[in-house]
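Visitor: From first to last, the protein sequence lines stand for chains U and V.
Just so we're aligned, residue 68 is where the first sequence starts under this note's numbering, counting upward by one.
Just so we're aligned, residue 68 is where the second sequence starts under this note's numbering, counting upward by one.
If you are wondering where the hints come from, they were derived from the structure by calculation, not from laboratory data.
A couple of the hints might just be wrong.
Just so you know, same-sequence chains aren't split out, so a pair can sit in one copy or run between any two.
[Unchecked claim] Here are the computed lysine-lysine pairs in the DSBU-like style, where the Cα-Cα straight-line distance is at most 30 Å:
| id | residue 1 | residue 2 |
| --- | --- | --- |
| 1 | K251 | K148 |
| 2 | K90 | K208 |
| 3 | K190 | K208 |
| 4 | K90 | K210 |
| 5 | K69 | K263 |
| 6 | K332 | K190 |
| 7 | K293 | K251 |
| 8 | K69 | K335 |
Protein chains: 2
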Amino acid sequence: MKRIAIQGSIGSFHDIAAHQYFKDEQIQLICCSTFEQVFENIKHDPTVIGMLAIENTIAGSLLHNYELLRDSGTTIVGEHKLHIEHSICCLPEDSWETITEVHSHPVALMQCRGFLAGHPEMKAVEAQDTAGAAKFISENKCKGWAAICNANAARLYGMKILQESIEDNKHNFTRFLVVSNPNKADFLRPLEQTNKASIVFSLPHEEGSLSQVLSIFSFYKINLTKIQSLPIIGHEWEYMFYVDLAFNRLTRYRQSIDAIMPLTKELKILGEYQDDGKQPKP
Amino acid sequence: MKRIAIQGSIGSFHDIAAHQYFKDEQIQLICCSTFEQVFENIKHDPTVIGMLAIENTIAGSLLHNYELLRDSGTTIVGEHKLHIEHSICCLPEDSWETITEVHSHPVALMQCRGFLAGHPEMKAVEAQDTAGAAKFISENKCKGWAAICNANAARLYGMKILQESIEDNKHNFTRFLVVSNPNKADFLRPLEQTNKASIVFSLPHEEGSLSQVLSIFSFYKINLTKIQSLPIIGHEWEYMFYVDLAFNRLTRYRQSIDAIMPLTKELKILGEYQDDGKQPKP
Numbered sequence: 068m069k070r071i072a073i074q075g076s077i078g079s080f081h082d083i084a085a086h087q088y089f090k091d092e093q094i095q096l097i098c099c100s101t102f103e104q105v106f107e108n109i110k111h112d113p114t115v116i117g118m119l120a121i122e123n124t125i126a127g128s129l130l131h132n133y134e135l136l137r138d139s140g141t142t143i144v145g146e147h148k149l150h151i152e153h154s155i156c157c158l159p160e161d162s163w164e165t166i167t168e169v170h171s172h173p174v175a176l177m178q179c180r181g182f183l184a185g186h187p188e189m190k191a192v193e194a195q196d197t198a199g200a201a202k203f204i205s206e207n208k209c210k211g212w213a214a215i216c217n218a219n220a221a222r223l224y225g226m227k228i229l230q231e232s233i234e235d236n237k238h239n240f241t242r243f244l245v246v247s248n249p250n251k252a253d254f255l256r257p258l259e260q261t262n263k264a265s266i267v268f269s270l271p272h273e274e275g276s277l278s279q280v281l282s283i284f285s286f287y288k289i290n291l292t293k294i295q296s297l298p299i300i301g302h303e304w305e306y307m308f309y310v311d312l313a314f315n316r317l318t319r320y321r322q323s324i325d326a327i328m329p330l331t332k333e334l335k336i337l338g339e340y341q342d343d344g345k346q347p348k349p
Numbered sequence: 068m069k070r071i072a073i074q075g076s077i078g079s080f081h082d083i084a085a086h087q088y089f090k091d092e093q094i095q096l097i098c099c100s101t102f103e104q105v106f107e108n109i110k111h112d113p114t115v116i117g118m119l120a121i122e123n124t125i126a127g128s129l130l131h132n133y134e135l136l137r138d139s140g141t142t143i144v145g146e147h148k149l150h151i152e153h154s155i156c157c158l159p160e161d162s163w164e165t166i167t168e169v170h171s172h173p174v175a176l177m178q179c180r181g182f183l184a185g186h187p188e189m190k191a192v193e194a195q196d197t198a199g200a201a202k203f204i205s206e207n208k209c210k211g212w213a214a215i216c217n218a219n220a221a222r223l224y225g226m227k228i229l230q231e232s233i234e235d236n237k238h239n240f241t242r243f244l245v246v247s248n249p250n251k252a253d254f255l256r257p258l259e260q261t262n263k264a265s266i267v268f269s270l271p272h273e274e275g276s277l278s279q280v281l282s283i284f285s286f287y288k289i290n291l292t293k294i295q296s297l298p299i300i301g302h303e304w305e306y307m308f309y310v311d312l313a314f315n316r317l318t319r320y321r322q323s324i325d326a327i328m329p330l331t332k333e334l335k336i337l338g339e340y341q342d343d344g345k346q347p348k349p
């Protein structure tokens, strides 16, 4: 049985993503309250696998998770894309008229901004987790409090759903990464099916340095599926680049990495894994 | 007298950024509760100038503001970088022992995550604005409520500062854009001092298409200071690229734009303006 460390409670989007990704296997969740704890669990027990959100179509990249990942000593072994739908739920005895506070994760609150703007009578309170908010309200019988979470979590904790699909944008997807101790990686992903990689590197401030690196990838027929630059604080004009690559042949990709190495600084491979395939449709 | 539309109240970081940017001029603020309203103000009165946060070292890019900017019909005429420091403040009669709720903008709450984790007794409540939270608490005499905002706003609204510099990361900077009706742009920025541009374009899914565009910029000696790809929802494998360019000669830059045009789709120049210069130091 695989043990998967996630941020959030049973019923959270991380839980759903983990069960969908490991759909043919028995898994046991280790629920953590922070992403730091997810990585600590893997550090203390190399057999633990982590699952963490890395980007969302509305909220963008989770820069803090990129940073944790880079410094964690773990490697990415897979990815999973999930369509995100939010419901508002409350205790069975509550109703629209009695709700004064709505609790959820800040990213979920942001994704329901339009809904919240239409309900100025509800105070938006930040929680560590979407499903965790529903759980807390249910267990502590918090009258007048609502939670924003997925409909399954609402049912799981015996909450009443006031309204489903309250997110502003129906094209709301989160991409999750599956991470593990590098020594365990080969048991977790079929290397022959690897067709995607995430890397990070910095570049010296020389004209055209990024163009040179991307030209090399192009010569090797490696496709970029994501690029994001981040300034390196305190190093004026130096940038860190997070890049996702897609390829057909692992050898060709590895040759391209050897080829860009001398042109980059602090090149780090965050992981090599199998693409989750096309964008999920709502 | 220039009229500047900002998101937030008097005393907010947008207010500070506006006064620093227009430091030698008399300005009058139009305080809006949303970024949408900032753009609506410019639409209704072409003499109004807008100021909006676009990225932060901790929170990353404000993707929603990029989207609003792209669709707004305004152009960027300037930028300003501001060091962000947060204080926690309350009514003079309150103290650490009596605070049960802390109100602020979600991004400010995120930037003080470490501080809030150390104060689980305080409920984190989202507000539209940092200074606005202090103003509300002060005017409504909300006992037991604290606000997170800059120290000036706390003093402005007669609040007691419990602690200064509560942000997790002292290297916390926000970059603001100054935007206007394109017909007014030439009165607002000296075209001969223009050395930066922000553009957005999409690329067809062809191998090396980004590499070609960046090679052209490199041939024209145009530097990239930022690049971010965003997937176009519903168009599998198509991406939108937000790119900031730095250059010495405006003509050379404009020639490079002409040169990349045939290789891109939906190329849009978001603005040409003067670089705020080097990264501010904390």
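Visitor: Could you figure out if K190 and K208 sit no more than 30 Å apart (CA to CA) within one copy, between two copies, both or neither?
Guide: both (18 Å within a copy, 17 Å between copies)
Visitor: With 30 Å as the alpha-carbon cut-off, assign the pair K90 and K210 to within, between, both or neither.
Guide: For K90 and K210, the Cα distance exceeds 30 Å both inside one copy (37 Å) and across copies (50 Å).
Visitor: Which holds for K332 with K190 at a C-alpha limit of 30 Å: within a copy, between copies, both or neither?
Guide: neither (47 Å within a copy, 43 Å between copies)
Visitor: Which holds for K251 with K148 at a C-alpha limit of 30 Å: within a copy, between copies, both or neither?
Guide: Close inside one copy (23 Å), not across copies (44 Å); limit 30 Å.
Visitor: From the Cα coordinates, with 30 Å as the cut-off, is the pair K90 and K208 best called within, between, both, or neither?
Guide: neither (34 Å within a copy, 53 Å between copies)
Visitor: How would you classify K293 and K251 at a CA-CA limit of 30 Å: within, between, both, or neither?
Guide: Close inside one copy (26 Å), not across copies (36 Å); limit 30 Å.
Visitor: Since the copies are identical, ignore which copy is meant and state whether K69 and K263 lie within 30 Å (CA to CA) inside a copy, between copies, both or neither.
Guide: For K69 and K263, only the intra-copy Cα distance (23 Å) is at most 30 Å; the inter-copy one is 51 Å.
Visitor: Please sort K69 with K335 into within, between, both or neither, judging by C-alpha distance up to 30 Å.
Guide: Close inside one copy (27 Å), not across copies (49 Å); limit 30 Å.
Comparing the model with each earlier hint shows violations of hints 2, 4, 6; every other hint is respected.
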